[in-house]
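Undergrad: For reference, the chains in residue letters:
There are 2 protein chains.
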Amino acid sequence: MCDSHSGVILISHWNVIMLAGLNFATLLLSVAVCQGSQYKDINSETVSVDQGSTYGSLWPLPQQVSLSEVSFKLSSSSFRVVDAEGSSAGPSCNILQNAYRRYYEYLFGNARKTGHFKRKAARSELSELQVSITSGDSDCDGYPGATSDESYELTVDQPYAILKAPKVWGALRGLETFSQLVYEDEYGAKSINSSKIVDFPRFQHRGILLDTSRHFLPIKVILANLEAMAMNKFNVFHWHIVDDPSFPYLSRTFPQLSQMGAYHPYTHVYTPGDVKMIIEFARLRGIRVVPEFDTPGHTQSWGKGQKDLLTPCYSGSTPSGTFGPVNPILNTTYDFMNLLFKEISEVFPDAYVHLGGDEVDFNCWKSNPDIQKWMDEHGLGKDYAKLESFYIQKLLGIVAATKKGSMIWQEVFDNGVKLPADAVVNVWMGSGLQGEMFNVTAAGFTTILSAPWYLDYISYGQDWQRYYKAEPLDFKGSDAQNKLVIGGEACLWGEFVDSTNLTPRLWPRASAVGERLWSAKDVTDINDAYSRLSKHRCRMVERGIQAQSLFSSFCRHEYKGI
Amino acid sequence: MCDSHSGVILISHWNVIMLAGLNFATLLLSVAVCQGSQYKDINSETVSVDQGSTYGSLWPLPQQVSLSEVSFKLSSSSFRVVDAEGSSAGPSCNILQNAYRRYYEYLFGNARKTGHFKRKAARSELSELQVSITSGDSDCDGYPGATSDESYELTVDQPYAILKAPKVWGALRGLETFSQLVYEDEYGAKSINSSKIVDFPRFQHRGILLDTSRHFLPIKVILANLEAMAMNKFNVFHWHIVDDPSFPYLSRTFPQLSQMGAYHPYTHVYTPGDVKMIIEFARLRGIRVVPEFDTPGHTQSWGKGQKDLLTPCYSGSTPSGTFGPVNPILNTTYDFMNLLFKEISEVFPDAYVHLGGDEVDFNCWKSNPDIQKWMDEHGLGKDYAKLESFYIQKLLGIVAATKKGSMIWQEVFDNGVKLPADAVVNVWMGSGLQGEMFNVTAAGFTTILSAPWYLDYISYGQDWQRYYKAEPLDFKGSDAQNKLVIGGEACLWGEFVDSTNLTPRLWPRASAVGERLWSAKDVTDINDAYSRLSKHRCRMVERGIQAQSLFSSFCRHEYKGI
Chain A
1 MCDSHSGVIL ISHWNVIMLA GLNFATLLLS VAVCQGSQYK DINSETVSVD
51 QGSTYGSLWP LPQQVSLSEV SFKLSSSSFR VVDAEGSSAG PSCNILQNAY
101 RRYYEYLFGN ARKTGHFKRK AARSELSELQ VSITSGDSDC DGYPGATSDE
151 SYELTVDQPY AILKAPKVWG ALRGLETFSQ LVYEDEYGAK SINSSKIVDF
201 PRFQHRGILL DTSRHFLPIK VILANLEAMA MNKFNVFHWH IVDDPSFPYL
251 SRTFPQLSQM GAYHPYTHVY TPGDVKMIIE FARLRGIRVV PEFDTPGHTQ
301 SWGKGQKDLL TPCYSGSTPS GTFGPVNPIL NTTYDFMNLL FKEISEVFPD
351 AYVHLGGDEV DFNCWKSNPD IQKWMDEHGL GKDYAKLESF YIQKLLGIVA
401 ATKKGSMIWQ EVFDNGVKLP ADAVVNVWMG SGLQGEMFNV TAAGFTTILS
451 APWYLDYISY GQDWQRYYKA EPLDFKGSDA QNKLVIGGEA CLWGEFVDST
501 NLTPRLWPRA SAVGERLWSA KDVTDINDAY SRLSKHRCRM VERGIQAQSL
551 FSSFCRHEYK GI
Chain B
1 MCDSHSGVIL ISHWNVIMLA GLNFATLLLS VAVCQGSQYK DINSETVSVD
51 QGSTYGSLWP LPQQVSLSEV SFKLSSSSFR VVDAEGSSAG PSCNILQNAY
101 RRYYEYLFGN ARKTGHFKRK AARSELSELQ VSITSGDSDC DGYPGATSDE
151 SYELTVDQPY AILKAPKVWG ALRGLETFSQ LVYEDEYGAK SINSSKIVDF
201 PRFQHRGILL DTSRHFLPIK VILANLEAMA MNKFNVFHWH IVDDPSFPYL
251 SRTFPQLSQM GAYHPYTHVY TPGDVKMIIE FARLRGIRVV PEFDTPGHTQ
301 SWGKGQKDLL TPCYSGSTPS GTFGPVNPIL NTTYDFMNLL FKEISEVFPD
351 AYVHLGGDEV DFNCWKSNPD IQKWMDEHGL GKDYAKLESF YIQKLLGIVA
401 ATKKGSMIWQ EVFDNGVKLP ADAVVNVWMG SGLQGEMFNV TAAGFTTILS
451 APWYLDYISY GQDWQRYYKA EPLDFKGSDA QNKLVIGGEA CLWGEFVDST
501 NLTPRLWPRA SAVGERLWSA KDVTDINDAY SRLSKHRCRM VERGIQAQSL
551 FSSFCRHEYK GI
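Just so you know, the sequences run in chain order A and B.
Each residue of the first sequence is one higher than the last, beginning at 1 in UniProt numbering.
Each residue of the second sequence is one higher than the last, beginning at 1 in UniProt numbering.
These aren't lab readings, by the way, just hints derived from the structure by calculation.
Check each hint, because a few of them may be wrong.
Treat identical chains as interchangeable: a pair holds within one or across any two.
Said to hold, decoys possible - Dumping the calculated SDA-like pairs for lysine to any residue here, alpha-carbon to alpha-carbon at most 25 angstroms:
id: 1; residue 1: K560; residue 2: G109
id: 2; residue 1: K342; residue 2: F390
id: 3; residue 1: K342; residue 2: I278
id: 4; residue 1: K164; residue 2: G405
id: 5; residue 1: K404; residue 2: H264
From just these sequences and the hints, can you work out the full model?
TA: Below, the structure written as structure tokens:
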């Protein structure tokens with residue numbers, strides 16, 4: 001199946017046709033390649049052989065790539081990334097200035113500048129990357145959002161390379177791509193081929209879920225993974241910050257929640273300063289931080305610091321001493337949620353908050369005579385799904401009053417809660433997946449797909465291939481329905497990961513999801529992906545990310561952090 | 001089933017009975033506890049709950065443990081580990097002096113000594129651990145071997161603790177146990193309870209296989225894992241050093257093997273100095289280094305640097321350009337093996353070399369007309385297993401001439417090779433396992449079990465429980481046959497592990513194997529194991545080992561190495 005919007009354009013095999021010395025433009029042989037039909041025989045997830053990719057180490061693959069054999073050298077002493085004349089972002093743009101430094105370091109390390117900065121560039125040397133933000137408002141001082149423009153165009157040619165993007169977000173993506181085009185020739189000289197790239201994400205929402213409740217993740221781990229996300233063009237950090245086992249969020253309004261509910265009230269909490277720092281670190285990489293405060297289930301740790309918040313479970317006619325989901329029949333519950341979500345709306349700048357709503361166990365509610373009485377009085381009978389919906393409905397109102405949009409897990413939709421028009425439904429159940437995607441989009445709601453990408457489920461072999469092959473639009477929806485699928489998320493739930501193993505377990509397995517969500521639909525050649533991803537993971541390792549190997553192989557620079 | 005040699009003796013629940021201030025000896029209530037029959041309901045590998053263990057954080061559980069509630073404090077400024085009077089090992093014993101320093105650092109970090117070293121110990125203070133090597137020859141300058149004595153007795157009481165062991169190897173195990181008895185009280189004071197431990201390994205051979213061919217493992221990674229092995233009382237590093245993908249062993253006799261066959265001839269090889277260092281590092285921890293040079297299969301990387309070593313495969317009547325197993329019909333093959341294994345016998349001090357012999361693919365031999373002709377001439381017909389046996393038989397002779405014993409994978413036995421009486425058969429195939437164990441031991445050969453412990457096969461959940469439950473003597477052998485099962489190995493083959501993920505993937509999963517091989521047969525209580533192992537893994541993390549978590553939880557000091 002050769003999808004028409006593929007757009008992947010190929011000039012020549014990277015190492016085969018010798019075009020050196022010839023003018024790039026005159027030799028642009030645009031050959032459309034439909035990758036989907038190649039290597040059909042590779043269906044197992046056991047072994048891949050690196051046959052080399054035309055696209056070098058590009059990951060995720062840009063929408064349109066034209067590469068020539070003409071190559072230029074980059075000198076650590078003279079190469080510069082600069083704001084282009086006329087760019088709407090200047091030296092006061094933190095995001096870009098930080099990114100220039102970051103990518104200079106990725107490319108050259110801490111190489112000492114020894115040459116003359118303004119010396120005339122040698123023949124076949126690339127001396128500058130000029131970055132131009134083309135729209136009037138660069139977004140430089142803002143936060144990335146659900147509709148931020150991440151498109152960019154990159155032209156590498158003499159006398160300089162040009163990166164054009166409407167907004168800083170696209171410039172960030174383009175800088176990553178530029179850095180991925182640079183390679184070392186056989187003498188170790190930094191080199192880049194003349195090339196033209198036109199790029200934009202296939203899906204707007206490309207997220208990673210990390211769970212800081214089942215295990216506390218030290219700030220360093222979160223920051224390292226934000227770095228890795230940027231290298232893979234992810235743009236949403238879905239922060240599943242609290243859950244049953246622990247409540248590490250230090251709330252200014254309700255400090256007792258973490259004091260009583262965290263694994264440790266000082267060493268295993270995120271202070272307001274920590275949260276601010278993580279949000280800013282993410283912003284500088286064009287990554288949104290969407291916090292999830294999951295209720296009414298998954299709240300055991302909340303109950304330790306907030307009296308009467310959870311439902312007392314009964315054993316016969318007496319309280320058993322254990323607690324169930326949030327108690328939906330008390331006014332105090334909603335007073336509490338009002339204040340908490342007001343704080344959350346101020347602490348987290350993103351336009352969305354994730355409210356959870358998954359896996360609510362009804363047994364405790366069923367056991368509680370006050371709940372039963374209330375349900376009788378309110379005509380809910382024995383329909384506990386309705387009780388859950390009653391609670392969520394009120395919570396949605398509370399959140400809407402803070403001017404935030406709501407993301408919720410699919411059960412909330414399935415239970416028939418009346419959702420605001422801008423609600424985002426997060427589909428996570430593997431069984432009945434296609435029907436669910438159809439129903440959610442048929443009802444007109446935007447949806448985010450997580451089901452195929454539960455990366456906490458590990459297995460032997462190259463399971464990245466399975467993640468890679470999952471196709472978000474693999475359900476029988478109309479074009480309008482397809483448009484409502486705004487992206488997906490790779491979820492690394494925390495039962496079995498902490499700071500000792502999170503990063504190698506997540507990367508490069510999540511990279512497979514990254515390409516699926518960014519690149520064109522027909523970029524599905526598993527052998528080509530294997531080749532590029534192998535190189536990409538070695539690049540992550542060189543940049544200090546503890547990304548594990550795909551298969552028997554080596555990196556020029558093995559991970560030395562251990 | 002309460003096995004009679006259990007020997008686990010229990011005084012009282014760690015935190016329940018208050019014996020403080022009473023004399024330890026008078027209150028020694030020896031209650032034999034048969035752990036095998038408890039918690040039978042826990043058969044799933046999903047969730048364990050830490051209910052606390054009577055045995056604190058001891059791992060692997062010693063053979064006999066008597067713990068009292070009487071506790072002493074240890075002061076970083078005055079506590080000393082010293083050679084006992086009359087010990088056959090003195091200050092010139094490197095192994096012990098190194099171990100004293102190592103365990104002091106594990107206990108106290110780099111705490112600055114501020115107090116008076118010789119001051120009178122306070123009441124309820126433990127001021128010394130006296131280490132006594134009781135046999136005439138301490139083995140201090142030797143290497144650990146297949147029959148080394150690792151037994152020890154540890155008595156913690158005032159005025160000092162005493163660790164007695166026939167050899168230094170037992171002292172090393174006892175020091176680890178002593179360090180595991182030390183805990184922090186609620187004020188952070190280092191404390192230890194009055195206790196008596198009598199200990200020895202159930203199985204002599206307790207190994208970890210690491211594979212440095214599929215991925216090169218930097219020295220640092222190997223050393224970190226030797227450290228972790230010592231913490232878990234493992235005593236054999238089975239070094240699967242070369243294989244098809246790469247030949248990182250730098251041979252002085254045949255340097256071209258790594259020059260051509262390693263992933264990189266300088267950065268991805270083990271020099272003679274590296275090997276020496278690894279062996280000495282292991283010796284200091286009572287760990288044998290058994291190298292595996294696997295032939296005649298698994299030798300693709302060997303062929304690159306040694307002309308004519310591998311069998312040329314044919315496509316019809318012409319060589320295809322590919323190569324198969326070692327060529328068994330050429331004299332030059334045996335000349336080469338003679339010289340190589342002579343070098344190996346000198347480089348590696350252990351009394352055993354592992355010769356591999358697994359998974360030989362006959363297709364290439366079948367395709368080669370010279371092989372066929374030779375087989376006809378020698379009456380082997382079409383029996384390629386016989387050809388393999390012919391090769392291995394000669395190799396066994398070559399190795400025997402170097403005065404080394406041979407370990408081989410089970411196929412060599414299965415194919416009917418006439419093995420030397422001291423050969424060790426390594427059983428790795430899960431299918432037909434019990435029959436194989438029966439047959440190997442019925443034939444009178446010692447055997448090492450690896451089959452249940454292929455830790456490269458990962459799956460979701462607490463798979464350590466499966467490794468823990470595997471019982472090496474779970475086949476219908478006689479007592480004499482059981483005695484021939486000298487131990488087992490946890491194998492971490494290298495397809496999917498390198499320096500980024502090896503350590504967290506191996507630990508604490510391998511710890512489960514460590515307890516199965518060290519502790520008494522009836523130490524099988526999975527809840528008790530969960531409690532102790534959770535604490536043990538946090539201790540490994542505190543000691544700098546990147547050991548992953550068993551389940552949702554936290555460590556007081558999370559891993560900060562990332």
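Undergrad: Against each hint, give a clear statement of whether it holds in the structure.
TA: Hints versus structure:
Taking CA atoms no more than 25 angstroms apart as the test, K560 paired with G109 passes in both settings, with 16 angstroms inside one copy and 24 angstroms between copies. For the identical chains of this complex, K342 and F390 are intra-copy neighbours only, at 20 angstroms inside a copy versus 79 angstroms across copies, given an alpha-carbon limit of 25 angstroms. In this homomeric assembly, K342 and I278 come within 25 angstroms of each other (Cα to Cα) only inside a single copy, at 20 angstroms, whereas the closest approach across copies is 58 angstroms. With identical chains, the CA atoms of K164 and G405 are never at most 25 angstroms apart, being 31 angstroms at best within one copy and 69 angstroms at best between copies.
For a Cα distance limit of 25 angstroms, the shortest separation of K404 from H264 qualifies neither inside one copy, at 31 angstroms, nor across copies, at 55 angstroms.
Comparing the model with each earlier hint shows violations of hints 4 and 5; every other hint is respected.
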